[in-house]
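Student: Residues per chain are reported as follows:
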Amino acid sequence: MSAAAARLVVLVPVVAAVLGLFLARRREGLDPRAARAVAVGGSLVTLAAAVALLVGVHTTGQDRAVGTLPALAAGELRIPLLLQATTATALIALVVAVVGWAVQVFAGWYLREDDRYGVFAATVSLFTAGMLVVVTSADLVLTLVGWEVMGWCSYLLIGHWSRKESARRAALKAFLVTRLADVGFVLGVVLLAAGAGSTAYRAVLAHWAPATECADSLAAACAAPDGTLRTVAMVLLVIGVLGKSGMVPFHDWLPDAMEGPTPASALIHAATMVAAGTFVLAQLFTLLEASDGARWVLAVSTAVTMVWAALLAFGQSDLKRLLAYSTLSQVALMLSALAVAPADEGPGAGVLHLYSHAFFKALLFLTIGWLSVTVGGTAAATLKGGLRGHLLLRPAMFVGLLSLAGVPPLVGFVSKEHVLSAAEAGASDAPVRAWLVLLAGLLTVPLTAAYCMRAWLVLDDLGTADVARHEADTATGPVRAAVAVLAVLTVLGGIVVFTPLIDLEGHLGWFVALLSLLLIAGAALGVRRVTASRYGAGEDPARLVGARQPAFDGGFGVDRLYVVLVARPVLATARLVVFLDREVVDAYVRGAAVGALLAGRGGDRAHRAERAATGLAWVVAGAVTVALAGVALR
Amino acid sequence: MILLALVVPAAVATWLLTAGRSLPHRATNLTSAVTSVLTLAFVVASVVLRPEVDRAWVPSLGLRWHLAVDGISAPLLLLTALLGVAVVLHTRERPPVGGTSAAFHACLLLVEVGALATFFARDAVLFFVAFEVVLVPMWVLITRFGDAHHPAARAEAGARFVLYTAFGSTLMLVGILALVTRAGTSDLGVLAQDAGRGLSPTTQLVVASLLVAGLAVKVPVFPLHTWLPAAHTTAPTAGSVLLAAVLLKMGTYGLVRLPLATVPDGFARVAPFLAVLGAVGILWGGLACLVERDLKRLVAYSSVAHMGFVAIGLASGTRTGLQAALFANVAHGVVSALLFVVVGGLKERWGSADLDTARAAVREVAPRLGFALILGLAASLGLPGLAGFWGEFLSVYAAWSPGDDRSLGLFRAVAVVAALGTVLAAAYALRVARLVWAGDRTSPPIEDTRGSEWDVVVVLVLLTVVLGVVPGPLLSLTHDTVSTLVGAGP
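Here the protein sequences come in this chain order: H and P. With the numbering used here, you'll find the first sequence wraps up at 614, consecutive numbering, no jumps. With the numbering used here, you'll find the second sequence wraps up at 504, consecutive numbering, no jumps.
These are calculated hints, taken from the structure and not from any lab test. We put the beta carbon where it would ideally sit given N, CA and C, even for glycine. Careful, some of the hints might be misleading.
Anything over 12 Å on all C-beta distances counts as not near chain P; from chain H, calculated [what the hints assert, rightly or not]:
1. T40
2. G131
3. A361
4. D409
5. T456
6. A554
Going by beta-carbon spacing under 7 Å, a handful of chain P positions derived as facing chain H [stated by the list, open to error]:
7. P237
8. L304
9. Q337
10. L397
11. P398
12. A440
13. H493
Between the sequences and the hints, there should be enough to build the whole structure, so can you do that?
Tutor: As structure tokens, this is what we get:
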């Protein structure tokens, strides 16, 4: 049962995407209801398949080799194209399916007047399919396929409003930055597969496993894999993950990606693309754990991102961009768990944070998106006081922000504390690295609380509240249901740690938890007090960073850095190449032509002598030469 | 069956050139369509039945009229025959300018015959003859029926194409003759079985260098590529499609059939150069595409980059590499055909293919054409799920773990460069998407694709997707033959 469910989980969204695309191609006359039915129906069936998968895994047991297409005959390399049905994949597949469903429902309402809604919905389906392939894959090539499909779909979704120049640029930037990092991912996959001679996770893990694990098997088979090569491979893979997850130095594409419609942002940020790397690395955790270099790269990048992004989030003038930066910070947190978790705890803490982040971030994005429809924008100044008087959005936003800040007993608290405890536990293995992450984490905690508090103060501002505008709210029943479901999961999702649904070896460290609670409370109160005092002086809560606002909104100029350091040199090289192509490589071709032409002219002139006598003289000379040669050679 | 596949189109082409010259466009097109469909049927039958034709041709020289099908040629035969139908269909609603319709169709059919004969041939000299048959009709297509706005450019491009490739062919002919006289047979099967045994290392090296150099012109491998952009820019759409999807494939096919199979030791010594040039070609083509202003030239340069992957796969000396090269070959055939149909269509509508001119966004004014364009671009940048991915990924893999007799460090460097090349591919594909596909302008409006052009596009789009989603059948088709060719692999 679990095998069939695993196949269905991947297949259904693909079918929905193809069908949706087909419907979208049919132009005028067909109202968007058909496209919406396919999209939402497809996501519901996917959800059902994911539930079946979860049930199947827990009743009939795990299945680590679910066949799909026949294995590829690619010469020496074996590509079995396997999926797997395990506890972790089933749980995360369910999370993805839930978020996918919520996003489809929401998009059906949010983009109800968009002339390209059909294409959008189909792309969302395909995007979900890509993520589900990554989640259920047991084969590096399948992972790569899902990985890249997500990248492409993100390009289409971010650039959905392609009539806007800013959207076109953001889409291009997102794809190019992630694609550049993907070179690392591709090469990492190639390296791992080249060692093992197969792309199946099981073969790869067995081949590259640290030598101690096969101490009792045959000596030849037990030859230790090349540790340096393994580290190189894992570093490359980590680079790919950093790109996709928007970690420093690849982080700047993600905030710009806010140009996409809000449902797309919710999908990209909550359960799919940016979090995918966490799951891939969790699958390969034994290799990551054995490659110190790769873990260092991961730890440094995530520690920097965590703090940097939280800092930027605090100063954003657009609340959607605030959420984008908070995603960076939170994803850095989940990846950092993989960088420091000790071997006996495994990747559980990171996966748990992936699980909880998916719920509360999807909730936050959908809430902001909904609100923006009501008030007409996502800038803090526009949204000011927007929550007041709304019976669903206000509590939804409230639990979402609390969860993001990590307040107990919400799901965000549970997972964040697991990550911090993993870092604490990791201090015995690699103290420096673990402390780096732990300190960054403890710095992020108050910053997160601060920007959550700020967002809440803006949204719940009493002074500009306008309760009447909520009466014109056109959100449909299913949209309300989706937001409500996400809100409930945000509140109660933490219960999962007491169930057998997740492999969690770690624990919750009470000391760290207490410390972070104090930090959260302190930061929140601090922000509240500062705002209150400024508010008393007639200042706007939306403007907290004053004159430094443009610097915050510009992400401290990293975009400019990309242009100067990468784009310009590459374009300059390209111009040089074109010049060389024309003036050097092609020159010998033209040279040959000119040479032949000159020779031809010369010959022509020699044969067009004006006086016949010259020609005759040559004939005579020739005859004499031949005769002489004949005589001489005889 | 094989003979039928060759004789029928050849006979019809001859008839069109002589008796049928006064026929109107419609009738000519119908005749050609029927012929090409028949040819496709014959080709499919011969791929399924695998018949063999073996007759004496010039007994005194030991040359034989030997034609057969195997796993390497089968996909290319199918591709050629299918595109043969596609280009005729595509011409249905656009009568050629510059000459009679009959001559145009005859040239298309002759190119198809020559390509099919090349892929069928099992005799080295016969291979050469078939290889050359293609040149003249292609030259006619470029110089007579090409870009109507630039007669001088047409003549120049046509002349350059013929002279350049004829020069390559001469090198190849010398190589073939050297090989045939030394080995004492011109039968490719026997030559491949002997795999260069009985030839001194020097002979092998000389033969391999000559053959590789000669065929590299056709592929084309950097730095022998400069004929390609010129030819593509001026050729009519049907010509561009055949050029990219069929003629270039003859070069790579020749590399597999001749040097790789017959003088493997010599080829092993040339291979590092081929791999490095392939890698340079990937970067070179990719970079040129970033600033190229003419859309058709851009697609031509991207072909140079894609063929770089094929060259790397061939040079790696592993079964995976060869599989990758053969797959990438077919994939590039389909994808570039799609892109040339779309881009050619755009040029026809716009009047030029200059990217600096502000135009209506294709996505806005011609959704179908826009869909085909973005899909073609996605396939071109190697997106998984579309045809381009498998060949490129496996090429990089093969370069990372090359055959035992290859220099590991060099090939690994090549693998890294090739992987970086995929970023350039993404950059130029999205550059085109941003300039042509997306935007807010809706004027001047252009007509969306329909009729026969749309039919052709649909077939190519389907092929692109099917090859990308289900690469298994094609890989299995080539698998057995590849195993016999590269026995040296681990």
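Student: Quick check for students: does the CB of A361 of chain H sit more than 12 Å from each CB in chain P?
Tutor: Label holds. Min Cβ-Cβ 27 Å, cutoff 12 Å.
Student: Once the shortest beta carbon distance from P237 of chain P to chain H is found, is it less than 7 Å?
Tutor: 5 Å, holds
Student: The output says A554 of chain H does not contact chain P. Does that hold with a beta carbon cutoff of 12 Å?
Tutor: 4 Å, violated
Student: Is the interface hint satisfied for Q337 of chain P? The criterion is a beta-carbon contact with chain H at less than 7 Å.
Tutor: Hint holds; Q337 of chain P Cβ to chain H Cβ min 5 Å, cut 7 Å.
Student: For the hint on A440 of chain P, just tell me whether its beta-carbon gets within less than 7 Å of chain H.
Tutor: Because about 4 Å separates A440 of chain P from the closest Cβ in chain H, which is inside the 7 Å limit, the hint holds.
Student: The hint names P398 of chain P as touching chain H; please verify it with the least Cβ-Cβ distance against 7 Å.
Tutor: Hint on P398 of chain P: holds, closest Cβ of chain H at ~4 Å, below 7 Å.
Student: Closest CB-CB distance from T40 of chain H to chain P, is it above 12 Å?
Tutor: About 28 Å separates T40 of chain H from the closest Cβ of chain P, which puts it past 12 Å; holds.
Student: Taking the shortest Cβ-to-Cβ distance between G131 of chain H and chain P, state whether it exceeds 12 Å.
Tutor: 8 Å, violated
Student: For the hint on L397 of chain P, does the least C-beta distance to chain H fall short of 7 Å?
Tutor: 5 Å, holds
Student: Take a quick look at T456 of chain H and tell me if its Cβ sits farther than 12 Å from every Cβ on chain P, holds or violated.
Tutor: Answer for T456 of chain H: holds, closest chain P Cβ roughly 28 Å.
Student: Is the interface hint for H493 of chain P satisfied, with its Cβ closer than 7 Å to some Cβ of chain H?
Tutor: This interface hint holds because 4 Å falls under the 7 Å limit.
Student: Verify the interface restraint on L304 of chain P: the C-beta must sit less than 7 Å from at least one C-beta of chain H.
Tutor: Hint on L304 of chain P: holds, closest Cβ of chain H at ~4 Å, below 7 Å.
Consistency note: the structure conflicts with the earlier hints numbered 2, 6.
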